[in-house]
Amino acid sequence: MDRRKFLSSSLLASGLMINPNEIFSEAYRKENLKKFPRQLEYNMDGDWKEFHLTVDIDVHEPAYGMKYHTLLFNNQLPGPEIRVNKGDKVRVYFHNNTILNHTIHWHGLHTPWRMDGVPFVNQFPVMPNNTFVYEFVAEPTGTHFYHCHWGTVMHMQAGMYGSFIIEDPDDPIKKRFPYDREYVMVYSAHDVNFIREEMNRMLYRMKERSYLMKNGRYNSERWDTFDSIEDFENAVNKGYKPPYLVNRRAPADLPQPNWFTINGKSYPYAPELFIKEGEKIRVRLINAGNVAYYLHLHGHDFWQVADDGRPLPDPNQANTIPLMPGKTNDIIIEGNNRGIWTFHDHDTRKVTNNGVYPGGTLTTLVYEDLPPEERDVVKYSGNINLKKMAEQGHKLPFDGGTLPKYPLDE
Amino acid sequence: MNKAMNGFQRVVFALAGMMLLLPFDSIGQYNGGMLGEDELQPDFPVGVKAVTSFNFDPLTGKNYVDFSDTELMIGMRQKLYNAWRGQFIFGMQFPDVNADLGKIFYTQVFTQVENERNTFKLGRTNAPSKLIDFPTLRDDDAIDLNYSLNPFSNGINTEDNQYANMIDFTHIINQRYSIGFHADNYIDEIDRQNFSVNALGLELMYKVPDSEIWNRNVLQQVGLSVLNYLTRREGYGSWASQSIRNYLGSFMLNINPDPVYFWDFSGQVIYNEGFKEIDNITTYQDYTRTETFALFGALRFVYRKLEKPLLISSGGFGYKFFSKVDDTKQMMAYYNFFYRLGNNFDVGLQYKYNLNQGKVLNVLEDDKHRIQLALVFSFDKIFNSQFDDRYSILNLEHKYIK
Ligand SMILES: [Cu+2]
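Chains as they are written, first to last, in UniProt numbering: chain A, 1 to 410; chain B, 1 to 402.
Some hints could be false.
[As the list claims (entries may be wrong)] Simulated pairs of lysine-lysine, DSSO-like, Cα-Cα distance not exceeding 30 angstroms: (1) Lys368/B x Lys49/B; (2) Lys308/B x Lys34/A; (3) Lys174/A x Lys207/A; (4) Lys86/A x Lys327/A; (5) Lys207/A x Lys121/B; (6) Lys305/B x Lys207/A; (7) Lys49/B x Lys67/A; (8) Lys214/A x Lys79/B; (9) Lys399/B x Lys241/A; (10) Lys368/B x Lys67/A; (11) Lys49/A x Lys35/A; (12) Lys207/B x Lys308/B; (13) Lys207/B x Lys79/B; (14) Lys381/B x Lys207/A; (15) Lys34/A x Lys214/A; (16) Lys207/A x Lys86/A; (17) Lys238/A x Lys308/B; (18) Lys214/A x Lys305/B; (19) Lys399/B x Lys207/A; (20) Lys368/B x Lys381/B; (21) Lys67/A x Lys174/A; (22) Lys241/A x Lys79/B; (23) Lys214/A x Lys399/B; (24) Lys207/B x Lys67/A; (25) Lys214/A x Lys121/B; (26) Lys238/A x Lys305/B; (27) Lys49/A x Lys241/A; (28) Lys49/B x Lys207/A; (29) Lys35/A x Lys49/B.
[Claimed, not checked] Simulated restraints, written as ranges between beta carbons of each label pair: (30) Ile371/B x Ser220/A: 33 to 43 angstroms; (31) Thr131/A x Glu116/B: 32 to 42 angstroms; (32) Lys67/A x Gln78/B: 11 to 21 angstroms; (33) Pro242/A x Gln78/B: 48 to 58 angstroms; (34) Thr348/A x Val48/B: 15 to 25 angstroms; (35) Phe337/B x Lys67/A: 41 to 51 angstroms.
[What the hints assert, rightly or not] Some chain A residues well away from chain B (every beta-carbon gap over 10 angstroms; in silico): (36) His69; (37) Glu182; (38) Asn200; (39) Tyr211; (40) Arg222.
What the hints contain is simulated information worked out from the structure, not anything from laboratory work. No residue lacks a Cβ here, since even glycine has one placed at the ideal position from N, Cα and C.
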């Protein structure tokens, strides 16, 4: 192959690269902190912690230049983090600013059943311009999340999810693995074309439904909701066609995610994990999406310390952890092998942006105290040709001869 | 060469130029070897409409099966650089049995580029000779009254009025108002080799997008247009006095914009200035070139069960005055009824009454009563969909995303 062609094609295959020197700057680390969920503030009413959540249609940008309309809690993706202590009384005012229906389900929490947020099973959906007040006691401890439970195929992947952390003052994990820093990584998968099409359909449909609701002409057939199986079957016998027979409620195709995100962002905008040598960090992994991830950390065997928020009595070590839809896993990473290490889904289809590699849920574990001379590719790379080039005074690629941030050959 | 190919070639030669005849990789885009292999797949819209009817004339007892207007349309759409979009549409249909257009007629062969505010179209597509689609079984059921008639036609093919090769530029002033200018080549049956621009027009339109139909505004649509057919009028010098001007006005009103029992009314008037010297109709050209005033209106009812139309019924009436031709008039009334049998499939019945009086009988048959029993299959889908239409709710209400 002609050399110029080879170079341009290998550049094409490796996509975007960002110089690692940038990620050691103070500014970058500050910016990186913004990529973790912001905690929702509360006010006290007696001994109740009161939170406010809203939902709006807004525009989200998972990676620079790619925008799509989506549904956002408090205009954030993921929604803001609710962090309370075990046993706290929690009251969440949820206000719906859209013309769609929604609910909130508190995933992994032991709420009273009427607070569980499943439409028509334990509550009516929160209709346009309505507020629903969720009240419960925070339990059990650990890493959980919340998400919309209405039209979840669309609403949940559209952005209606957020982390819910219940802290335990006597956390056995913290006792065994004393850590100062923790990170919350909420994984999700988005079919932005599906979201767009389905959102248009739903908006159109809801306009019609709102009209009929105002006139008191809305019935169970239009809701596709019946009081009993018998009612449903009677309706079918009288000519009602359930939505699974006539496709009048959703697009015929199920979503095929083309964007994979951590905290709503895809590579190279995904959040980085910073660590120092000798430090332990806790990473709370949440899968709020509808695909499985097999997260693999290079150069380390982390400790699996919690499953669905529950501390594991006997943590085990691994370098790859399956993060299944609806699951949360907590891991402890020990800073015992300094460098810049990839932490990514080993189902590499999900480290793509719109089908282009690299992207998606690709990120790194970065030793922020990595000495600058160690970032020098020439001294430590073992590349004899590059060493010769440096000795002869040739200009090396990537300013200062440092590596691009990510190894792209895993 | 058969006649259908003729129609296609017109577009190619008259408008798209020689480029389409050259090998693909030598025109437009050079792929650059292997670097060009990773092209983004375009959107792929596919539309099908099969209209088959059993036609019966109760007076003469004549009957026949008609599948004209049956149409297949495919397209490709792509995002371009700099917030523009490009598309190509290709469509064909079976013309009337006695039509002079061969077995297949290419109704659509055009390319279009558009951005948030502008569309630019080049090729053959629906002619700008009407402002409203009336809910008749076939688009040409009331063609004498609801189309501005092509003065270059010999009256054999209704397609002469329905389709034209054109360059069209439309500017969208805001989401509901638009202004369009077009230069057209109407099919010229007098001089079949004439592919030059033979009409110019200007169109103003106010239109509430379908996606906002439950906003319940009374006014759905108002349109105005002027169409100048560049005829060669004997004995006149300037192009203005040589041309025939047609003025069109239209409106569409919601009578009862209820999502279950929906009623609307649409109307259109066409004033054809004509040539004052034509006071008799002996040829089809006389018919299209004399002064006329045509009115057409239709009332439509849609019963939507569970968010989809189950039953559609409409009735309409049209009248055409001939101010210069004695004792001559045209009238037409229709009523139809469609019932949805399932997804994409309707059964329908249409009754049509025509009255042609006076000199028009020299060129048109007096086709009084016609009953049509029809089956209609229609399908419309965008495969590989990657972006929204201009008038989607998200675009309209939450700003257009480039
Ligand atoms: Cu929702």
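Tell me, in ascending order, the numbers of any earlier hints that this structure violates.
Hints 2, 3, 5, 7, 8, 9, 10, 15, 16, 20, 21, 22, 25, 27, 29, 33, 34, 36, 38, 39, 40 contradicted; others consistent.
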